[in-house]
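Enquirer: Here's the letter readout for the chains.
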Amino acid sequence: MTQLALVIDLNVCVGCHACVTSCKQWNTSGWAGPMADFNPYGADPTGTFFNRVQTFEVGEFPHTQTVHFPKSCLHCEDPPCVPVCPTGASYKRKEDGIVLVDYDKCIGCKYCSWACPYGVRELDEAQKVMKKCTLCVDRIYDQTIPEDRRKPACVIACPTSARLFGDVHDPDSEVSVAIREAGGYALMPEWGTRPANHYLPRRRTAIRIHPDELVRADNPLTKEDVALPSADNTLEDAIM
Amino acid sequence: MHPAFSVIFLTTLIGAGQGLFLALYTAQSYAAFGLLPAQDGAAFHGPGSLMVLLLMGAGLAASFFHLGRPERAWRAAAQWRTSWLSREVIVLPAFMGSVFLYGLLHWLGWNPALARLSPDFAVSPQMLVGSAAMLLAFALFVCTGMIYACLRFIQEWHTPLTVINFILLGTASGFVLAAAFSSTAAPDLDHFFTGWALALTLAAAVFRVAALMRNRRLTPRSTLQTAIGVKHPRIAQKSQGFLGGSFNTREFFHGQGAGVLRGVKWLFLALVFVLPAILLATALAEPAAGPLWATFLLQYAGLLAERWFFFAQANHPQNLYYQAVA
Ligand code: SF4
Ligand code: SF4
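These protein sequences, in sequence, are chains A and B. In this text, residue positions in the first sequence follow the numbering used here: the first is 14, and each later residue adds one. In this text, residue positions in the second sequence follow the numbering used here: the first is 12, and each later residue adds one.
Hints were generated in silico from the structure; no laboratory data involved. All residues carry an ideal CB built from backbone N, CA and C; glycine is no exception.
Going by beta-carbon spacing under 10 Å, a handful of chain B positions derived as facing chain A:
id	residue
1	H77
2	V241
3	Q248
4	L331
These stretches of chain A come out as covered by chain B in the derived footprint (C-beta under 8 Å, 3 or more residues):
id	segment
5	68 to 75
6	78 to 89
7	98 to 107
8	110 to 124
9	202 to 208
10	212 to 219
Below, in silico cross-link-like pairs of lysine-lysine (DSBU-like), each with a Cα-Cα straight-line distance of 35 Å or less:
id	chain 1	residue 1	chain 2	residue 2
11	A	K123	B	K276
12	A	K164	B	K242
13	B	K249	A	K123
14	B	K242	A	K107
15	B	K242	A	K123
16	B	K249	A	K105
17	A	K164	B	K249
18	B	K249	A	K141
Construct the complete structure from the given sequences, taking the supplied hints into account.
Expert: Following this line, the structure appears as structure tokens:
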């Protein structure tokens, strides 16, 4: 069974809020929108966001680390927010594990937000229904978008690639490998909600080498009209 | 949590309504066994049931103010298999319906003996409908209490004491109301109701204080360390990600200082338990309609404070993420 999720690398996140704004842009203009904004330029702005980046200081000055912490619905595998919903508006999809709200059924009773320990559900003050991260469900399956861009908006926007997206039930997926190899963990494990989203901890930085850094991409030979040497066709043959 | 007045009025009004019905039913059961003088149904149980319905209706009306989309409220009956809120939405109208029937039977005085269990105990329509409504009243208390008690990470609520207190506080205020009502409409019952009201008020005091003591000793299971997964004893939030407010900063904080919380606690302990107990004990010796009505109003005002405190005291783990604006 598939369980789509985000893996967020706290070692890499610089707290730039690009995921926050790209999320709002995509979702306010898509299936989940509009996402209310009141007083956006006033003294006390408020509005609906699916994703927030928070900042924590760990340690005591001067020995401190600044941890930027992006936070959105974790698409729990055992989501406490779903069974409490009286209308069935909150549900977890069987096919990919995404937890969604049906905005046509939601009565705005807020009970699901009480039942989520992570505080990631927000009542939209304009539509008066509950909203939360959809993992860009209206984007990741869209056949009109080039395949490599069928990912949540936040993942594409992140300039440091701190956000990975994939199936955490597939042991060979990028996210599963990252969780395994970098010590990925879940938030508040004490409640047994089994969040699908994972976080990668702060750790000693290792250099990441991509294949295109090993092979010259601008190999001048490819620009010449010459066949590359093979076993029975040596470079000398090509020159002559 | 932020105490919402819609829910405060809902839970206190229907609690008193259920309690008042249980009082009417108790009196009728005693009368059926010849332990109390039988009452004129049209003068006592009929108007009493009407009062129950008014309280339930007022509570129901208050609950609609809690919903973002009240016009869709009917949808809330769908998930009774998993959701206590859904169960409450079903049981509440069922209870009101059976109370309506119960009141109507009394109003019309229609009570033929359907069967005789013994020469002086007859099974009657009033008893049957009353028993069904009695079961529904308890079911409704359990649903209302479980809505809060089932949320395992709101540790202040996640205890059987929550359900017990909803039952005891509701029945206590209902019996006080019955005592006041009977002192006007059926004076030979007010001693009976006043005794029950005193006993229930004292029992409620024991369990409410037990809940207060339990909650004082709670240690939160979630900490900033588990919330963000950093194992360091010193973590301080520097930014919550936005400067203004959000749903998360409004819905889960009561916004009052510890002093206000303490003040409301002592206020409700006095208004719900101490003063009514004294007044009820006095009324036992010397029943009078005025003081009994005053006792009900006093205790009900106290219950509003009690419910406010019940919400304000509940500490949601999500608050760990919203400790510093910037
Ligand atoms: S993070 Fe909260 S809203 Fe999302 S699935 Fe888990 S419990 Fe539900
Ligand atoms: S707010 Fe909407 S989604 Fe949440 S529990 Fe109520 S009806 Fe369900």
